[in-house]
Structure formats: C-alpha cells, structure tokens
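Residue numbers (the working numbering), protein chains in the order written: chain U, 1 to 445; chain A, 446 to 890; chain R, 891 to 1335.
Keep in mind that the hints were calculated from the coordinates and are not lab data.
Only a predicted model underlies this, so the values are computations on that prediction, with no experimental measurement involved.
Careful, some of the hints might be misleading.
[What the hints assert, rightly or not] The calculated BS3-like cross-link candidates involving lysine-lysine, where the alpha carbons are at most 27 Å apart (straight line), are:
id: 1; chain 1: A; residue 1: K818; chain 2: R; residue 2: K1024
id: 2; chain 1: A; residue 1: K818; chain 2: R; residue 2: K959
id: 3; chain 1: U; residue 1: K373; chain 2: A; residue 2: K579
id: 4; chain 1: A; residue 1: K719; chain 2: U; residue 2: K402
id: 5; chain 1: U; residue 1: K274; chain 2: R; residue 2: K1292
id: 6; chain 1: A; residue 1: K514; chain 2: U; residue 2: K373
id: 7; chain 1: U; residue 1: K69; chain 2: R; residue 2: K1263
id: 8; chain 1: U; residue 1: K134; chain 2: R; residue 2: K1263
id: 9; chain 1: R; residue 1: K1164; chain 2: A; residue 2: K847
id: 10; chain 1: R; residue 1: K1003; chain 2: R; residue 2: K1024
[Stated by the list, open to error] Not close to chain U: a few residues of chain A, all C-beta gaps over 12 Å, as computed:
id: 11; residue: R484
id: 12; residue: R493
id: 13; residue: S499
id: 14; residue: E716
Backbone N, C-alpha and C define an ideal beta-carbon position, used for all residues, glycine too.
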Amino acid sequence: MGILKEFESRDRERIGEDLHRFATELYPICRSITGDGIRQTLERIHRRIPIQFSDVPTGMEVFDWTVPKEWNISDAYIKDSNGTRILDFQCSNLHVVNYSIPVHATISLAELKPHLFTIPERPDWIPYRTSYYKETWGFCMSHNQMLALQDGDYEVCIDSRLADGNLTYAECYLPGVSADEVLISTHACHPSLANDNLSGLAVATALAEILAEREHHYSYRFLFLPGTIGAITWLSRNRDMVGRIRNGLVLTGLGDAGGFHYKKSRQGNAEVDKAMAHILRQQNGPFDILEFSPYGYDERQYCSPGFNLPVGCLMRSVWGTFPEYHTSADNLDFIRPAQLAASLRTCVALIDVLENNRTYQNLNPFCEPQLGKRNLYRSGGGVAIGPEINARLWVLNCSDGKHSLLDIAELSGISFSSISAAADILCESGLLVAAAGDRVVTKAS
Amino acid sequence: MGILKEFESRDRERIGEDLHRFATELYPICRSITGDGIRQTLERIHRRIPIQFSDVPTGMEVFDWTVPKEWNISDAYIKDSNGTRILDFQCSNLHVVNYSIPVHATISLAELKPHLFTIPERPDWIPYRTSYYKETWGFCMSHNQMLALQDGDYEVCIDSRLADGNLTYAECYLPGVSADEVLISTHACHPSLANDNLSGLAVATALAEILAEREHHYSYRFLFLPGTIGAITWLSRNRDMVGRIRNGLVLTGLGDAGGFHYKKSRQGNAEVDKAMAHILRQQNGPFDILEFSPYGYDERQYCSPGFNLPVGCLMRSVWGTFPEYHTSADNLDFIRPAQLAASLRTCVALIDVLENNRTYQNLNPFCEPQLGKRNLYRSGGGVAIGPEINARLWVLNCSDGKHSLLDIAELSGISFSSISAAADILCESGLLVAAAGDRVVTKAS
Amino acid sequence: MGILKEFESRDRERIGEDLHRFATELYPICRSITGDGIRQTLERIHRRIPIQFSDVPTGMEVFDWTVPKEWNISDAYIKDSNGTRILDFQCSNLHVVNYSIPVHATISLAELKPHLFTIPERPDWIPYRTSYYKETWGFCMSHNQMLALQDGDYEVCIDSRLADGNLTYAECYLPGVSADEVLISTHACHPSLANDNLSGLAVATALAEILAEREHHYSYRFLFLPGTIGAITWLSRNRDMVGRIRNGLVLTGLGDAGGFHYKKSRQGNAEVDKAMAHILRQQNGPFDILEFSPYGYDERQYCSPGFNLPVGCLMRSVWGTFPEYHTSADNLDFIRPAQLAASLRTCVALIDVLENNRTYQNLNPFCEPQLGKRNLYRSGGGVAIGPEINARLWVLNCSDGKHSLLDIAELSGISFSSISAAADILCESGLLVAAAGDRVVTKAS
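Hey, can you work out the whole structure from these sequences and the hints?
Encoded structure:
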C-alpha cells in the first residue's frame, strides 16, 4: 500500500495526540545551540527512531564560522531585598537570555534594567532572547512585572557555564533503494517554544518513524540540529555528499492554526517545489507559495549560492508574522493535535509524490492504443469517459520520456495519485515502461 | 483577390442555406464507422468535390487496432403482442445501438429492458449509443416511451449484418505550389446527428470547393473518415508522409449557437494555434481557446506523442457540454445556416492567414526608409499617422527574418489582413523581400 | 558621493526654476530641422556644456534619405485689404507652416483658404504644422480668427529661403573610464513648443552639466539634433561606433503634469529597460511602462532592425494623447519647474543605476558568512533583522556571478540604492568581489 494511503487509513485523531504528547514531553527542557538541553532532546528522539549523534568540538572551524563554547545552565534567579525569588528560571527557561554568561551580584534597579528584556505591546508575555556570539547576560520577563519593580538592590544569579565542549547534532539515515537522498531538516535549539520548533521536531520524528517501517526508493536523511551553526557545521562536514540530495525540506512552525506556507528553494522549480505546490493545491484549505528569500530558517544555508540545494521550507504561519512568535505565548496550547497531524499528512503526501514521480515511455506512441481490448476503457459508446480513463489518456499522451508524472498531473489538473494509479495500470498492461534515464539508481555506498 | 476577401464578397445568407441544405441531404442516412451508410455519405460529398476512396479490409492491423467487421443494417423494430411496431428504425436510425448484432426473438419485458437505453433527464429524447468493439445489441428510445411499456412479450428484430468487408474513407487532395500540406479532418461516421457531425462535413466540403477553384501555396488534404479507427487507419497507411503536414484542423460541431472553441494542438504554439487565436480575437463574438487535452476527436490520434502533429480542433459548443449532444435533439433545427456560414468564414480566414503568413526581410534595415518619397506616408507633419502607415512601420521594424507576419500582427495588435496588405505594398515598393528560409517550396511529388 | 545622493542634496526648487528659465530663453527662437533657428538653439546649449557641432551639406545621402535644403525665415504675414497685419510671424512662429517656400502675393480669401490650418475643436489655439519634404506654403491660425475672415483680397507674404546649406547637429561627449557609451538623444527642431521639446533640451542639458562635473564609468554622448533626419544623419555617419552604446534614452515631453511613461527599447529587456522600470516602481507617483512600437520619436531610428540599439524613450504624457500637443497651448505655462526637476531626477536616478549596476561574486558562497563577527549583523537574537541586513543577505545569496545588482533589486523588491549600498559594505568587508566579466573596460580610443 502506498505511504499516503496507509497514512490515510490510520486514526488521524490519535496521530495528532501522539504528536502533541511528544511536544509536551520535550517542552520543559532548556535547549540551546549546545549543551545538555539539546542532547537530552535528541536522546528523547532517539527512543523513537534510529539516530546517530555527532559531537563537534568547540573551536572547530566550519566555513566562515567557529563552533562556539558549550553552554549549560543549572539555575537562575533575581531576588529582591527580602531574599524572595521574584524571577525564577525553574518556572520558565525563557527568563534567562539564552547563552548568558554566569553572573552573581547584588545590584541596583538602575544597574539591572539594561539587562532586562520585555515586550511592551504584550505586557503579560515573556520574550525569548539569545546572545550566542556576544558574551553578555540578561533576564526576560513580562513587561508588567518589570513595571512593578521597586527601587532597591537585587541579587541576580545566573548559574551557567560557558566552556569548551561540543556542539551536538543528530542524523537519522534511512537507506533506500537508491543512495539519492531526501533531506528533512529541523532546528532543535529553541527552549520552551512549542510551535518553534517542537512542532517541527515532533512531525519530523513521526515522519521518520513511518519511513523506517517501509521500503522506499530514496534514502532519507533527517537532521535534528541547532539552527544556523548546526546546519553550517553539518554542511561543512558533508560537503562532498550533498550532491546526492535530490530534494529537501526544512520543517518548522507546523502546529499553529494558520494555513500552510511553502517557501520555495532558491532553484525555484525543483521537484520538491513543484510537488509541494501540487499537494497544497490539491488539499483543501488555505495556503500560500512563497518565493525564495535569503532570510528564514536553515534553508538559508542549504540554499546558499555555493550549495544551491533543492531545499524548501514548510510552515504554517510564517515566523515573525504572528504575535506569539518568540514569546512565552508560543506554548503547548498554541499548537493543536489536529494541526500537527495535518502537517504530518502534508509531509507524507510530499514523500508519496517524490517516491512515485517517475517518467515513462509510451510503447504505443503512434495513435492511441486500444484500451478497450485490455478492459481499460468503457465498453459502450455514448457515455462520457470517467476520470480514471481520462487519467490514462493523459499519461499515454504525455509519456514521451520528457514529462514526469508530476508534470502530467500539473498539465491535466488531475491529482498526482490518480495519475500515478493510471501509470501503474498502464505499466501492468505493457503499454508503458520507465523512460531511459528514469530512476537511474545511485547505489548506496 | 485573396481568399477571404473573395469569400466576404459573396452572399453570406446563401452560403448558409447551401450548407444547411447539404446537411439536410445527408441527415437521413444511417452512418456508422463502416458499411453502406458512410459510403453513401462519401458519394454525396464526391458529387461536390474530387475525392479518392480507400477501402481497407476487415482484419487489417492498424497500429494497435484491427479494422473491424463491416456493419450494415436494413431494418429494426420492436413489436408489441399485437404485432404493432412500437419502435421503428425507419423512423429514426438512432433507435438501434450502432453496430448491433442481428437478433430476432420474442422476449419478455424483463428480458428486453437490459437492451434498452434512454435519457431519464431528457425523457422525450432518444440517445445515440454505439458498441463497436463489444458484440451486443440494443435499442434506444425516449424515457417516456420506456416507462409506458406494459408487461408482456415483445418481438425484437435487428436485421443487421456484421461480416468481413471494408472500412471506407475518402480523401480530397488539392495540390498547391508546395507539397507542404494543410490537413482538414472530419468524422463521417455518426448517423442522424446534425451538429455532430453533418456540420463538420458540410463546412469541410464547402471549404474544399472554395479551394478547388483557386491557386494556393499549400497542398490541402481533406479527410472524411470514421472517427478514431478511420484516423488511425489513415495514419497507419500514411506514416511516412505526415512530415509534410504543416498545419491541421479537425472540424466538428460547427452549426450550433455557441461561441467558437479552438482546442490547441499538443505542440501548443504551432502556426495553426497562433493563427486561430488571432482570428478569433479579431472576429466579433465570444470564443475560448482551450489547451490541448488527450480526450476529444481525431486530434487525439494526430497529436499522439509519436506523431505530435500541429493539428487543432475547431468547434462551437464543446462536445458533452450541451444537453443535445449525442441525442435525437441534435437535429436539423439545432444547426442554423448563419452559424454554419460563420464557421466556414472562420475556416477561410484561417486559410487566408496560413497562405499569406510569410517572413520578410527589410532591405533598408538601418533607420526607417523614407516612405514619403514613395507616397507611402502622409505628406504634411502635424497630423497623426493613420492605421495603414502604422502597419507599414510595424512590418518594416519587425521584418528581420525572425518575425512572421502573424507574429507582427500579434505584437502590434493589428489585424493580420492589415499587416499582410502593408507587406504587399512594401514588397511592391522594393523595401521588403522574402526572408531566407521563407516558403522553401517542397516540390509536390 | 553618488550622483543621485548628490542631486538629492541640492535645492530642488532652484533646479526646477533653472530648467524652466532655460526653456524660456529658447522659447522664442523659430527652430526647424535646418537653419539659423536650430543653430542658435545649439549655441545657447553650448554656453552651458561642451559641444561639438556638425554641419552636413544639403544633398548628402544618409541611408535612404537625403539631407534637405536649408530653410530660413525672416518674416511672414497676412495683411487685409487695409494693409493691416492680421497674422504676424513676429507674434508666433507657429503661424507659418514650417519649411514653407517663399510667397508674396495678393489673393482672394477662397484662394487663401487651402493654405490655412486651424483646430476646429480648440478654436483659440494655433496648430503646429510642417511640410519638410513637399514644397508648399501655408499659415496656421486660430479657428476663431479664420471664421472671422471677411471676403476680399489678402496680401500674403512668407519671406523664407529654401536653399542649399547645411543640416546642423550637436554632440556633447563626456568620456568616462570606459569607452562604452550611454546615449541621450533629444530633438531640437520644434519651434515655440515648450513641452515638445524645450523640456527635453533643458533636462538633457542639465544632465550633461551634472555629468561634466564628475567622474563616471561610462562615456556619455548627448545628441541635440533635428528629429528623424537628424538621427538618421548621425547614425549614417557613426555606423561603426554604435556598438559601443550600452544604453540609451530619448528625452521628450518632460515638463507637463502627466505621470511618467517609459517606452521600452525594441530589445524589451535591455538594462535601460529594466533600470527605468525599477526606478519608476520605486518612485512615488503614477507611471506606465509601454512596450516598444515603431512609431514615436527618434527611438524609431535607433531601434530600427539593423541597429536594434538598447534605447528607450522617457516622457510624461505621451505625444498625441493630450490636446496641447503640437499647438500653441504647449507653451511655457504648460511646463512647470517642479515637473522638469522631477524629470531630471528620474534621469539622474537612471544614471545612478547604470553606473553602479555591477555583478559580484560572493567569496564565501558555502553557507552564509558570519556577518556578526564583522559587525554587519544585529548583536542579539530575538529581534527581527532590519532592512539593511536583509539587503546584505540578498546580495550575498544572489552574487553568484549571474545576477547583477539590478537583478537582485528586482528579485528582492528592495531599492537599487539599498542593494548597491549593501554591496559596497560587503566589498569593503572582503566578502564580495567583482565577478569575472563585470565591467571589462573598453578603453576609450
């Protein structure tokens, strides 16, 4: 049974609940681009799918960048003059500017204020801030809390360690018939933010689970890594093998209530671009196809001009366009099981297209073959042909070795699955064969 | 005088009446894809234009198909228990499923019913049904008549013969200066259906009459043949010469009140596609240009991927989109003289473009030539130039050997006839010559 | 400082007044395609910018044309039977059909009338008429004046001379680093018509003044010449050097209140076409981009198929579409200082783009370079990047040697000046270098 059909046969509600449960499990961990938080996260993923860990030491040069010191944190707080914790890292890991250097001091409110970050427009929410490459420290709190601070001395403590260590990322490689690869990449470095990117981690993990259970043409490589520096590190260490990547997708922001947004690869007309556009057009519900731009998630790196890989990005709401983005309001209520499940379904539909998007040659290219004698046509005249026969005629007419099934689906306006089913039947009937050059298998090394 | 101008000078009303009269003459004949009915039809066409008949014997293999047995029918009826003909082939040849095998039996209503075809949504109309490739028999009647049938026994009789014989088609070949061909193809296999396709037969015949009376650049080949199997047979027997076909048109459904529909060839940008689009844009009245699709009339065969000929299809209402399609309501009232005449006019306009669509070289390509000294410009400054001079400027500017007159008409938004007239004047003035490669004449063999 | 920035720093109001003052200075001169009027005009331009005069004798063959006799005029009038000048050339040089042959006679009103030209729809305006290539004479007057003429005899006098002489045009050549040229062409042959084309003359002269004061990459060639015959003559005498013209612009009708219209070159996608479209899109205010057509100003000659130069035409209202066109209402009130200054600004913006439209190579094409360590990025995470950083990311991502800065501006929707500024900073940082093939300098000979 095809991967999409198999997926459709499962209980969608339960799929959604599983995805949300996994996001819930990962939510409390204080992740960053290095350190124990991201390692614990990757370990939880490892319980579900086979993954290989890579540790890259601090100081390693990766293209124009250097792997930073490893950051870890045990505790952090602000105490008022009564010794009461008025801000407590144990309540929310967003309270500390991610990558803050250690500090322990008693300072005045005036001295403290430059180290406080809030969102005046959303006075109850805590912002998410980082300072990876500039050594500093800071606290994030609600604007209302900051306004209520009285003059006086405050004990500030960030019990963090910034020291030589490792950057850790994980790969789940699922070999297929061909060594040609589909890359799925997600960032795993954000702390307690649900949509950005526990949603991506949960969907990618579930997708790998589905693929691990079945045979597939492509080899699939799932990357769970810290944003930016992780993708750069991986590319730096895998420069010679990226030529195997036939299609790729960055997954992020897949749990909110917004319509799908697919940002095209820099190539703009890669197979993944055409396939995702086809799927979104066929699905019900709002969606938008965005042209490539160089700002965003790790497609920035995969689509840098030296690589220019066919990697797009699938999201629901676009980063920065919704108020919950990078705040404490991006919590477990902001992502919904049904939305996560529908996102996973879209990914499965993409893989269904990629796996089955072949190019055929019509063996009877001169005039139509007589479908009737093969029981592939209606028996009597006078009644219009049905959509199945129409799909067969399209596949036969366009299978000249130049049109893929996805091309035919787009030309005809018929769904890829119907076109693919027609091709299967025509192959069985001996009317169609794989075109020269279709699926020349690169042997897995 | 140009073919279009000459046509425009004739009495349009009379043209329409002649077309309708010919359709009326052909209407009663019981045609099928083989047999005496189609032969009688081709004989009537032969009285008007020179045609050559081809008989292809039953059993001949034509690509993936086999020429079927020849079908003929003398009579058919259903009698009730009183011996009264309650259904009579002599009243309408649609009453018998076309290609029915012979039958003569007395059966119960329950046994009869699976052999009856009606249109419940149009209870007064008789449907048109065929069963060419599955041996069976049946009757078509109005739904109301079927509902009125009483229980009891019925004598059913179809006095038909299905036996080895011939498939017959006709060609009208009108040699031109060049052996390059324009193909006009119409199906001649439908019984008493006026729009589908007596309209096409009448228009094609009249077009051939017009062309037979004059010199022309292209050779014209008119095919009158049974749908599908006829086109496949012709292609099978003429495989080596189809390379001569520069442009082609399938004609069908040209008498109803709908706007024109032109379905593009599979190539999509063939000269005939651009020419027909230009003509329909220039004409008053609604029209639509349809992308190629593999379902339809014999363009299916001409545009199969092995041939991929530049053959489009001109219709008014599209098959299957109007209720009268393939029913007894597609009768002589459904097609009107004025509509037939306007369809013929469109075909003549197409031929006018194809015959005159040449590519020229401006002999004064550096700056504008001085039109004034040749009396091709206005004499005084200060008054805007007229459309004739504008057309001349367009032809001069674009005649670089790369733009045909049709290209120039499209670029400028000026009608082809104005552009062509401008080119004629500029040629006379010695400012323009045929470009290298224009109209390299393939000698007629 | 860039040419546009420098221009923006100047007092726009004063610029507009200077432009209008120069138009006012030129207004009274009776210009034609030859003769003292155009020579006096070119002398006035010479007072402002370095120009070289060319005299081409009557009878010289220039492509398909012949340089006409030189026309000069001292006086002209119509006197009524009382000897009163009822029409006086000294009041408006539009009163005489330009290029009228001399006449001195007393004739009846009936004999006079075929020599009178008016505009019935605008009964108070005097039309502008010429008769360069057909020897005749005539007067132009308001329709109301003509209606008031009484029967009787009239003394008509045109004291003109049509004799062998010269056609005179002027070039301002401003050599740049490269011998590659930008051509700016304006017609200088119309008499007292302000928008058509004292506006073009004033703007072109001011643009040359600006360029003469600074270094520039391209060499600039400004042509001030009689329309049609002047451009043809210049092309005829400079046939071998036109290959140096990389971009060009015809300037006309730049003082009226209409929105800008840019008519594309025949090539349609030349750098000047893309640059002008970008500038007009970035500017506030209405504009329209027109496809090339062979009727218009001297782009007709530059874009004739033998030359096909990348020369467009910038206007405000399009000739022939406003009632004042070629009438006495195209006077000094019809053109406004602010509109002239905005037109000059558009030309300066074009030159700013052309001068700076380079193609770069990203020296760190694999992944993004780390902008932060170069102080080219925001320091802390969590806040969206600003437009300056976004421009840098676009330049880095697209600088693969195939996209010019103008291409990147169009892809990103960011203004050329922001993209260009980003490229400058990235070059300074050593992240970007000129691509192979960028600005290969043709040495000025």
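Status of the hints after comparison with the structure:
1. For the proposed pair K818 of chain A and K1024 of chain R, the alpha carbon gap of about 9 Å is at most 27 Å, so the pair holds.
2. Taken as a hint, the K818 of chain A and K959 of chain R pair is honoured in the structure, with Cα atoms around 15 Å apart against an allowance of 27 Å.
3. At roughly 9 Å between alpha-carbon atoms, K373 of chain U and K579 of chain A fall within 27 Å of each other, so this suggested pair holds.
4. Between K719 of chain A and K402 of chain U, the direct Cα distance comes to roughly 24 Å. Compliance with the 27 Å bound is thereby established for this hinted pair.
5. Restraint check: the Cα-Cα separation between K274 of chain U and K1292 of chain R comes to about 24 Å, which is no more than 27 Å; the hinted pair holds.
6. For the proposed pair K514 of chain A and K373 of chain U, the alpha carbon gap of about 15 Å is at most 27 Å, so the pair holds.
7. For the proposed pair K69 of chain U and K1263 of chain R, the alpha carbon gap of about 15 Å is at most 27 Å, so the pair holds.
8. A threshold of 27 Å between alpha carbons decides the hint, and for K134 of chain U with K1263 of chain R the separation of about 9 Å falls inside it, so the pair holds.
9. Under the criterion of a C-alpha separation no larger than 27 Å, the hint pairing K1164 of chain R with K847 of chain A is consistent with the structure, at around 24 Å.
10. About 18 Å separates the Cα atoms of K1003 of chain R and K1024 of chain R, which keeps this hinted pair within 27 Å; it holds.
11. Every C-beta of chain U lies more than 12 Å from that of R484 of chain A, the closest at about 21 Å, which supports listing it as non-interface.
12. For R493 of chain A, the non-interface assignment is confirmed: its Cβ lies about 29 Å from the closest Cβ of chain U, beyond the 12 Å cut-off.
13. Chain U leaves S499 of chain A outside its interface by the beta-carbon criterion, the shortest separation being 17 Å against a cut-off of 12 Å.
14. Residue placement check: E716 of chain A keeps its beta carbon more than 12 Å from all beta carbons of chain U (closest about 21 Å).
Hint violations for this structure: none, all hints satisfied.
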